[in-house]
Amino acid sequence: MGDIAVEATGVSKRFRLYHERNQSLKAAFMRGGRAKFDEFWALQDVDLQIPTGKTFGLIGHNGSGKSTLLKCLAGILVPDRGSIGVHGRVSALLELGAGFHPELSGRDNVYLNGSILGMSRKQIDRSFDEIVDFAGLETFIDTPVKNYSSGMYVRLGFSVAINVDPEILMVDEVLAVGDEAFQRKCMEKFADFREQGRTVVVVSHALSTMRTMCDEVAWLDHGKLLEVGHPRDLVDAYVGRSHEDRVETEPPEGGEQAGHGARWGSGEVTIRSVELLDGDQPVSQVATGQRMTFRMHWKAKKPVEEPVFGIAVHTLDGVHVTGPNTRDVELSTGTLDGEGWLDLHVPRLMLTSGTYELTAAVFDRSVAHAFDHREKLLRFDVTPGTPRDQNGVISLGGSWEIQAQVDSSA
Amino acid sequence: MGDERDRYAQEDVISQFSEVFANRELLGNLVLRELRGKYKGTALGWFWSLLNPLAATLIFTVVFGAILRVTPSVGAGGVQNYTLFLLCALLPWNYFSGVVNAGMAAMLDNANLIKKTAFARHLIVFSATVSLFVTFGIEMLVLAVALLVFGVNPLLWIVPTVLLMLLLAVFATGLALMLSVANVYFRDSAHFVAIALQVLFYATPVIYPISLVSHVHPDSLVARLHIDTLYFWNPLVHFVEAFRALLYQHQLPSLTTCLVVVLSSAASLWLGWVVFNRYSGRLAEEL
Numbered sequence: 032m033g034d035i036a037v038e039a040t041g042v043s044k045r046f047r048l049y050h051e052r053n054q055s056l057k058a059a060f061m062r063g064g065r066a067k068f069d070e071f072w073a074l075q076d077v078d079l080q081i082p083t084g085k086t087f088g089l090i091g092h093n094g095s096g097k098s099t100l101l102k103c104l105a106g107i108l109v110p111d112r113g114s115i116g117v118h119g120r121v122s123a124l125l126e127l128g129a130g131f132h133p134e135l136s137g138r139d140n141v142y143l144n145g146s147i148l149g150m151s152r153k154q155i156d157r158s159f160d161e162i163v164d165f166a167g168l169e170t171f172i173d174t175p176v177k178n179y180s181s182g183m184y185v186r187l188g189f190s191v192a193i194n195v196d197p198e199i200l201m202v203d204e205v206l207a208v209g210d211e212a213f214q215r216k217c218m219e220k221f222a223d224f225r226e227q228g229r230t231v232v233v234v235s236h237a238l239s240t241m242r243t244m245c246d247e248v249a250w251l252d253h254g255k256l257l258e259v260g261h262p263r264d265l266v267d268a269y270v271g272r273s274h275e276d277r278v279e280t281e282p283p284e285g286g287e288q289a290g291h292g293a294r295w296g297s298g299e300v301t302i303r304s305v306e307l308l309d310g311d312q313p314v315s316q317v318a319t320g321q322r323m324t325f326r327m328h329w330k331a332k333k334p335v336e337e338p339v340f341g342i343a344v345h346t347l348d349g350v351h352v353t354g355p356n357t358r359d360v361e362l363s364t365g366t367l368d369g370e371g372w373l374d375l376h377v378p379r380l381m382l383t384s385g386t387y388e389l390t391a392a393v394f395d396r397s398v399a400h401a402f403d404h405r406e407k408l409l410r411f412d413v414t415p416g417t418p419r420d421q422n423g424v425i426s427l428g429g430s431w432e433i434q435a436q437v438d439s440s441a
Numbered sequence: 007m008g009d010e011r012d013r014y015a016q017e018d019v020i021s022q023f024s025e026v027f028a029n030r031e032l033l034g035n036l037v038l039r040e041l042r043g044k045y046k047g048t049a050l051g052w053f054w055s056l057l058n059p060l061a062a063t064l065i066f067t068v069v070f071g072a073i074l075r076v077t078p079s080v081g082a083g084g085v086q087n088y089t090l091f092l093l094c095a096l097l098p099w100n101y102f103s104g105v106v107n108a109g110m111a112a113m114l115d116n117a118n119l120i121k122k123t124a125f126a127r128h129l130i131v132f133s134a135t136v137s138l139f140v141t142f143g144i145e146m147l148v149l150a151v152a153l154l155v156f157g158v159n160p161l162l163w164i165v166p167t168v169l170l171m172l173l174l175a176v177f178a179t180g181l182a183l184m185l186s187v188a189n190v191y192f193r194d195s196a197h198f199v200a201i202a203l204q205v206l207f208y209a210t211p212v213i214y215p216i217s218l219v220s221h222v223h224p225d226s227l228v229a230r231l232h233i234d235t236l237y238f239w240n241p242l243v244h245f246v247e248a249f250r251a252l253l254y255q256h257q258l259p260s261l262t263t264c265l266v267v268v269l270s271s272a273a274s275l276w277l278g279w280v281v282f283n284r285y286s287g288r289l290a291e292e293l
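So the protein sequences, as listed, match chains F and P.
Residue 432 in this note's numbering sits at position 401 of the first sequence, and the numbers go up by one each step.
Residue 131 in this note's numbering sits at position 125 of the second sequence, and the numbers go up by one each step.
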């Protein structure tokens, strides 16, 4: 095996978008032959070289062609132009447990799925115990898989695929499988893969994972390869770009902001919108370490005594980062009536760069009753700043100091 | 673009045949999946695979043997039994139509597998061929026993019969390969083929002897429409006649029949293979 594990040269893939699905002979005859369809190039002239032993990520917005590219690399789709060269045994995890037969036992399906993924009977015999053990299904392995829970199903699927012993593993958004313990096992397995010098090609929207996991990242946009490079730089550039797209969806001035999450509450006081400010200037992205203000616009239908305001910040994968509220700091909000706003001033934003979800809520004094709870009201981007820390969710804002121990007696 | 694809198809014929061999374990597992999955959860299980031809035999024997009184040709040792005469052709026919039907449904039934995994797609069709061949083999064994019971010893004719069974499998697989992709692009194919199979069943001398067609009065409708000529061009007629010659009459089939059987099998497989490779590249997106 050389330095290049997977190579795409001038790969283009065209899909047909049928106006009217022409799957009947009658329709075909009536139209005098071919169905009417628009052509749509899902990939255009993509040149890509994936080095052996690297973990390589594909990023891009929905419809950018990254999954299509992965399917082409995996040999599921045949490109219309260009060629794909693959050096090594490939295992593709596009859907876990694809090809399981519901009536057959877990054992039979391991053999079936293993051989679909290219394992020989002997190889499966050898790794059978490991597969079952990894999936944690020892007691159920002779039960038909139709009686499995969906979690058991995907766990077995993942376990088979990861034990195929591939030289090149291709993964499409299947990392979020099973419970936390199983996910940790999966991540460990990926780490093992890297250490063993295997090539991993991964497509994911979980940008923080991509940033830490990948050695190199390719950014696709509308079927074209924009750039290949270091994951940190490219993920940041990508987040910056998707933020630009987001500005246009900002709410009209003074109006009710439309969130994309759930909303509940009795409505005596409502949160009309939340703004991000730099000084007095509304912004939609903030750099790490920058000062900023969260401004909540409220409206009270009737006088309400001592309501409690709070916000919560989550990452896109649902990690609760922080949840400041007026009760914890014993702020008296007084009696509210009419309209107004409430500011939370942040001197230095210690979130690392990435995209975050903001939830805002207003409760009664006891915090048992919600007046207005707006889940995921706002999505905002944090761009790289100072401190330059990139990993995890927060920066400690610390500074490093190194000292060598000098032996004074010498 | 078309040229590229043709070249691709041609270059790969040899490597793809060797791929079939390399994939024999996968083929084995797919066959096992078909065989094990088919009757799972039914009380009678495998017995069903024998009950179906049994019911058909009973119906045809009563309707055509007893009521319409079709006279079967005279078999080896002077045996003249409609049921045996029927089975020698009905079992091969059932296998043929089984493979064609299974081939039609193969790609749609396995859509998820095709869209999400990469493997040699023709194996899905082949697995239908092989798994049905197992049932076919069992049925033919039962028939052999029945022939023995009726005093027609088929033992000497087993080897050519098995050869003929394999040729039939090749012939049916070629058609199934073609139809499996056709059905993805045009979903009507399945319905069209259902009717075509029905016509073909009666146009093939399964339930009646071919002598009823070939030895007719020159003024009859059959002769004037040249239906006997049509029969000559139906490869299945030759298959059925060959099976009957070997098992029921204990004769070697005529040279013409042998030639037609071999050539049509080869042609069917070649054509099926070319068509399949030409169109199977886009299966994952068309499904």
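Possibly wrong hints are sitting among the right ones.
[As the list claims (entries may be wrong)] Derived pair list, reagent style BS3-like, types lysine-lysine, alpha-carbon separation capped at 25 Å:
#1 F:K153 <-> F:K255
#2 F:K407 <-> F:K332
#3 P:K44 <-> F:K177
#4 P:K46 <-> F:K177
#5 F:K407 <-> F:K330
#6 F:K255 <-> P:K44
#7 F:K177 <-> P:K121
[Said to hold, decoys possible] Taking beta-carbon pairs under 8 Å as the criterion, some of the chain P residues facing chain F (in silico):
#8 R42
#9 N100
#10 S103
#11 D115
#12 N118
#13 L119
#14 D225
[As the list claims (entries may be wrong)] Derived CB-CB ranges, DEER-like:
#15 P:G47 <-> F:D160: 49 to 57 Å
#16 P:V168 <-> F:Y49: 54 to 62 Å
#17 P:T48 <-> F:D156: 42 to 50 Å
#18 F:G423 <-> P:T48: 35 to 43 Å
Derived from the structure by calculation, the hints contain no laboratory data.
Beta carbons are placed, not taken as given, at the ideal position from N, Cα and C, and that holds for glycine.
Right, here's what the structure says about each hint:
Distance check on the hinted pair: F:K153 and F:K255 sit about 42 Å apart at the alpha-carbon level, beyond 25 Å; violated. Using a Cα cut-off of 25 Å, the hinted pair F:K407 and F:K332 holds, with the two alpha carbons roughly 23 Å apart. Restraint check for P:K44 and F:K177: satisfied, since their Cα atoms lie roughly 15 Å apart, inside the 25 Å limit. Our distance criterion of 25 Å between C-alpha atoms is met by P:K46 and F:K177, whose separation comes to about 12 Å.
Restraint check for F:K407 and F:K330: satisfied, since their Cα atoms lie roughly 19 Å apart, inside the 25 Å limit. Between the alpha carbons of F:K255 and P:K44 the distance comes to roughly 46 Å, so the proposed pair goes past 25 Å and is violated. Proximity of F:K177 to P:K121 is assessed by CA-CA distance (about 21 Å); at most 25 Å being required, the pair is judged to hold. About 6 Å separates the beta-carbon of P:R42 from the nearest beta-carbon of chain F, less than 8 Å, and the hint is met.
Nearest Cβ of chain F to the Cβ of P:N100: about 24 Å, over the 8 Å cut. The hint is violated. Hint status for P:S103 relative to chain F: violated, with the closest Cβ pair at about 21 Å, above 8 Å. Hint status for P:D115: violated, given a least beta-carbon distance of 11 Å to chain F, over 8 Å. Using the Cβ-Cβ criterion of 8 Å, the hint placing P:N118 at the interface with chain F is satisfied: the shortest such distance is roughly 5 Å.
Annotation: interface hint on P:L119 holds; nearest CB of chain F at approximately 4 Å, less than 8 Å. Here the hint on P:D225 is broken, as its CB sits about 39 Å from the closest CB of chain F, past 8 Å. Checked against the hint of 49 to 57 Å, the pair P:G47 and F:D160 fails, with Cβ atoms roughly 28 Å apart. For P:V168 and F:Y49, the Cβ-Cβ distance of about 46 Å falls outside the hinted range of 54 to 62 Å, so the restraint is violated.
With their beta carbons about 30 Å apart, P:T48 and F:D156 fall outside the hinted range of 42 to 50 Å. Between F:G423 and P:T48 the CB atoms are about 56 Å apart, so this pair departs from the stated range of 35 to 43 Å.
The earlier numbered hints that this structure contradicts are 1, 6, 9, 10, 11, 14, 15, 16, 17 and 18.
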